[in-house]
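Student: Residues per chain, in single letters:
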Amino acid sequence: MDWGKVKFFLGEVFANLTRNAAMQLTAIGSVAVAIAMLGTFLFVQRTAAAVSDQALQQIEVSAFLSDKRDLKADSGLIARTGALPGVAHVAYVSKAQGLKDLRDKLRGEVDTSLLTTNPLPDVLRIRARHVADVPAIADAVKALPGVADVQYAAKTVQRVMNVLGAAQRVGLAVIVLLVLAAFQIISNTIRLTVYSRRREIAIMQLVGATNNYIRLPFIAEGVVAGSLGAAVAVTLLLTAQHELLPALAQLITFIPFPTQAPDLIPLALQLLGAGALVGAIASWISVGRYLRV
Amino acid sequence: MDWGKVKFFLGEVFANLTRNAAMQLTAIGSVAVAIAMLGTFLFVQRTAAAVSDQALQQIEVSAFLSDKRDLKADSGLIARTGALPGVAHVAYVSKAQGLKDLRDKLRGEVDTSLLTTNPLPDVLRIRARHVADVPAIADAVKALPGVADVQYAAKTVQRVMNVLGAAQRVGLAVIVLLVLAAFQIISNTIRLTVYSRRREIAIMQLVGATNNYIRLPFIAEGVVAGSLGAAVAVTLLLTAQHELLPALAQLITFIPFPTQAPDLIPLALQLLGAGALVGAIASWISVGRYLRV
Amino acid sequence: MIELRNVSLLYPNGVRALDAVDLKIEKGEFVFLVGHSGTGKSSLLRLLYREQVPTTGDVYVDGIAVHRMRAGAIPRLRRNVGVVFQDFKLLGGKTIWENVAFALQVTGARTKDVMRQVPRCLDLVGLAQKSRMFPSELSGGEQQRAAIARALVNNPKILLCDEPTGNLDPSNTTEIMELLQRINTKGTTVVVATHNQAVVDRMRKRVVRLENGRIVGDEERGFYFLGLGQGQVLSG
Amino acid sequence: MIELRNVSLLYPNGVRALDAVDLKIEKGEFVFLVGHSGTGKSSLLRLLYREQVPTTGDVYVDGIAVHRMRAGAIPRLRRNVGVVFQDFKLLGGKTIWENVAFALQVTGARTKDVMRQVPRCLDLVGLAQKSRMFPSELSGGEQQRAAIARALVNNPKILLCDEPTGNLDPSNTTEIMELLQRINTKGTTVVVATHNQAVVDRMRKRVVRLENGRIVGDEERGFYFLGLGQGQVLSG
Ligand SMILES: Nc1ncnc2c1ncn2[C@@H]1O[C@H](COP(=O)(O)OP(=O)(O)OP(=O)(O)O)[C@@H](O)[C@H]1O
Ligand SMILES: Nc1ncnc2c1ncn2[C@@H]1O[C@H](COP(=O)(O)OP(=O)(O)OP(=O)(O)O)[C@@H](O)[C@H]1O
Ligand SMILES: [Mg+2]
Ligand SMILES: [Mg+2]
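Chains as they are written, first to last, in our numbering: chain Y, 1 to 293; chain L, 1 to 293; chain G, 1 to 236; chain H, 1 to 236.
Don't take each hint at face value.
[Unchecked claim] Result set (PhoX-like, lysine-lysine): computed pairs, CA atoms no more than 25 Å apart in a straight line:
(1) 27(G) - 157(G)
(2) 5(L) - 89(G)
(3) 24(H) - 89(G)
(4) 100(Y) - 72(L)
(5) 105(Y) - 72(Y)
(6) 27(G) - 112(G)
(7) 94(G) - 5(L)
(8) 24(H) - 186(H)
(9) 105(L) - 142(Y)
[Claimed, not checked] Counterexamples of contact, computed for chain Y against chain H with all Cβ distances above 12 Å:
(10) 12
(11) 40
(12) 203
(13) 214
(14) 276
(15) 280
(16) 292
FYI, nobody ran anything at the bench for these hints, they're computed from the structure. Quick caveat: nothing in here was measured; it's all calculated off a predicted structure. Glycine included, each C-beta is placed from N, C-alpha and C at the ideal position.
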């Protein structure tokens with residue numbers, strides 16, 4: 001191993017970065033903007049997924065209990081229900097409580113004093129961990145002894161699942177588009193920096209450098225520019241998360257934002273990797289364009 | 001007027017564009033990507049605004065009519081209500097119809113055969129054109145003769161207005177950010193194209209060209225690159241609207257997409273103008289950087 | 001026409017290219033600037049069209065105090081001073097015709113004049129056939145002649161030529177030097193920095209000799225002669 | 001060592017730079033290439049390091065059929081052929097030291113050798129003091145000498161010099177030509193395209209004469225003499 005060569009190589013990369021500082025800074029800026037946009041959208045998408053997950057846990061299955069059941073088995077029934085796969089929470093609502101709730105619900109709209117008899121059964125209110133499990137849970141509960149009937153907002157569940165599916169597909173499409181856009185912007189930027197040095201590339205060839213020898217420093221520069229740009233973008237994103245999200249959470253109280261820092265770490269690493277990779281690929285291709293003899 | 005000069009100037013701009021075709025195409029590509037992203041978001045935001053407007057018209061004000069009122073005045077009351085500012089639609093629901101609706105609503109949850117008496121009043125159901133008008137409409141209706149009480153989902157209205165306000169602010173922030181990002185990307189791109197010709201600029205100065213004389217063709221090129229990029233972006237957007245939106249509308253049935261073409265025309269013109277303007281400004285600034293002696 | 005008073009030029013990297021130079025050139029003179037490689041000839045010329053500003057001292061060109069002129073006035077100065085750069089400095093993105101025309105167009109010349117002057121100058125340097133080519137398509141000597149045509153095209157009051165025949169064969173060199181002499185006869189002040197001993201010795205004009213940034217000789221009707229006999233070794 | 005057989009070169013713009021050229025240069029020869037400006041000297045040299053491919057005809061350099069070699073083999077050829085380009089072609093982003101070192105590094109030379117050879121070559125052309133400067137900070141002649149140092153640094157088998165003294169004063173020219181002669185004595189084949197009549201006439205080497213892309217003369221121990229008496233006018 002000739003350490004002198006390694007030193008020369010690193011020195012060359014560093015020298016090119018600093019001697020073309022204005023150009024490199026411009027390139028890094030463009031990379032940062034592209035990656036920040038991509039990162040922002042990925043973050044929004046992840047937040048939205050978390051939020052919708054949380055919101056959808058509100059959808060309930062109501063199990064109406066038979067009046068003729070063995071009342072002593074109720075606690076066992078509740079336990080068995082809670083143990084069903086996918087169930088997040090089970091609440092027992094007696095017929096008395098149910099009437100009180102209904103009265104509250106209808107107050108003002110209906111003269112509730114007219115409701116003198118109690119037409120309601122005892123009810124188990126069951127929440128699922130994921131909407132997708134709701135139909136299966138309803139079926140399982142219906143089979144339990146003591147359960148007269150089971151009800152849930154079947155139409156709403158269907159609708160929500162449709163929406164979620166569509167949102168996922170649209171989100172994926174947007175991400176693919178944004179990834180393409182970021183790639184385009186980064187590779188265009190690097191292509192221009194290489195373009196401005198095409199004369200240098202031609203001279204290197206004339207002096208006897210192989211294509212790989214010429215490429216290597218450019219690729220190293222692309223990697224450095226790409227990852228520095230990504231680092232700037234990630235710093236912006238982390239700062240935004242720390243400074244803006246709490247303010248935003250106060251403003252928009254109906255969305256439970258995940259505000260813990262760890263959320264962004266894997267995303268940040270992915271973005272850094274993407275920046276470096278795109279930088280390398282873009283340099284490779286761009287230099288190749290001027291290497292054809 | 002020396003037409004020869006104009007011809008020379010235009011020839012120069014055209015020659016520069018074609019002789020540096022690879023570079024100019026790259027620049028145009030970056031501009032197109034930046035403007036397409038901005039345009040997509042603006043379009044999504046306008047669609048969302050239209051959709052939420054439509055959705056919010058569902059919020060109703062219920063006016064409970066007094067049992068002791070003059071029944072013959074009802075048609076006049078309905079007309080007066082409909083004439084109130086901001087009212088979109090008024091529907092009369094008799095107590096009989098109301099009981100039938102309630103029965104349908106409670107069916108399955110409550111043993112409705114137990115509802116033997118009709119506790120409900122006659123009701124006017126009023127829809128507002130904009131949510132923001134709902135409280136004022138409620139107050140106005142309450143003052144009308146024959147109206148016993150007025151009710152609307154006050155909390156929901158408040159909540160929706162909060163959400164709308166927040167969404168507007170967030171949307172505005174995102175647009176500002178995207179505009180900045182697009183500006184950054186475009187001006188970085190043009191800066192790099194100018195950078196690659198800094199030697200030319202220096203020579204022009206040495207031969208006695210004034211700064212403005214040097215700037216002019218660059219600015220013209222920036223305008224051409226900017227508006228060509230914007231034109232590409234707009235073409236993409238219009239194609240997407242024509243080809244993708246119908247498919248998307250079929251997929252996501254719960255959102256009423258506005259699919260008419262005219263929607264995008266002013267947006268397209270704005271984007272074209274923005275591209276040209278940013279191109280001009282970016283060229284001006286970038287060339288200036290290399291004009292300092 | 002041209003006057004340098006106690007001029008020194010220190011480049012940012014610490015090289016002292018000119019050291020207390022005093023020089024006066026009258027209108028209509030023809031002056032050769034000679035001296036070893038790296039001795040400050042190009043640097044001296046750069047002061048005259050304000051590519052460089054003297055570190056100390058005063059520079060007057062055509063009555064203008066170049067050392068303290070404002071940036072906005074520079075283009076006007078440069079239009080009165082035609083320069084043949086040592087490295088040509090042709091615009092790679094323009095054809096030869098466009099390169100020459102450019103120097104005229106910046107002066108605001110009428111299109112009619114451009115259409116007449118450009119072919120005339122290209123013809124003078126023997127490039128009429130190649131006017132539609134780009135600099136990269138020309139031989140070294142052809143590029144040099146294009147640079148000369150550009151310097152002449154707007155009939156400057158002063159013509160500065162930095163090694164204008166370094167890439168020309170003797171017959172082309174003779175033609176170019178005769179061209180410069182004709183232009184000089186019509187009243188243009190001409191300053192030529194050169195290493196071409198044969199040209200200097202044959203033309204017998206004023207010779208200003210530089211050594212390490214200082215003027216060490218200034219003769220009317222001088223010879224090239226540099227240092228101790230080195231010139232003579234070659235003339236044999 | 002070098003052989004051209006019936007070589008023609010037609011540039012894309014339609015210029016016929018070389019026309020049925022036959023030329024053979026043996027290992028260890030020293031050859032001057034002379035001819036008017038734009039006559040095809042640089043074009044001929046470009047064929048030898050495969051910057052250009054002949055339109056028709058065969059080119060052999062060091063036993064390799066250059067006219068039909070594959071792209072991957074070009075770097076190896078160029079490492080055996082040192083070239084002093086007419087327009088220097090220094091890398092503007094690298095210092096003089098780095099420029100010279102680059103030509104050695106591409107051959108895969110050990111760092112130890114780079115550290116020894118680069119200063120030696122810079123010293124040979126008198127640029128030891130300026131090795132840390134960038135090309136833009138050098139005078140024209142200094143840049144030319146840097147280009148010469150770069151061509152020498154990896155001890156090429158063949159040395160092609162295109163107008164290597166166009167920006168040098170006579171004493172520097174003498175030194176450089178003596179340097180080339182020493183290198184030639186050690187076995188390197190040297191081809192010099194030049195307009196410098198004094199140099200050619202003094203050194204009395206083989207002179208190949210080009211006119212309009214054709215070889216019109218080839219003499220052992222020749223003189224510069226171009227066309228009808230033009231050369232003599234200047235020598236007076
Ligand atoms: N832009 C610059 N920055 C720093 N130093 C410079 C610059 N230009 C020239 N020099 C240095 O100034 C000195 C004089 O250079 P100049 O170009 O004036 O020489 P010259 O007489 O024209 O030489 P030549 O005959 O080789 O062209 C040289 O030592 C050179 O290294
Ligand atoms: N890259 C090119 N493309 C097209 N034409 C060219 C190119 N290079 C040179 N030519 C043309 O080919 C001819 C020969 O050029 P070449 O450079 O070989 O001349 P030369 O003998 O080196 O001249 P000089 O002494 O002026 O350097 C010229 O007429 C020139 O215009
Ligand atoms: Mg000089
Ligand atoms: Mg040549």
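Student: Which numbered hints does this structure break?
Tutor: 3, 4, 5, 6, 10, 12, 13, 16
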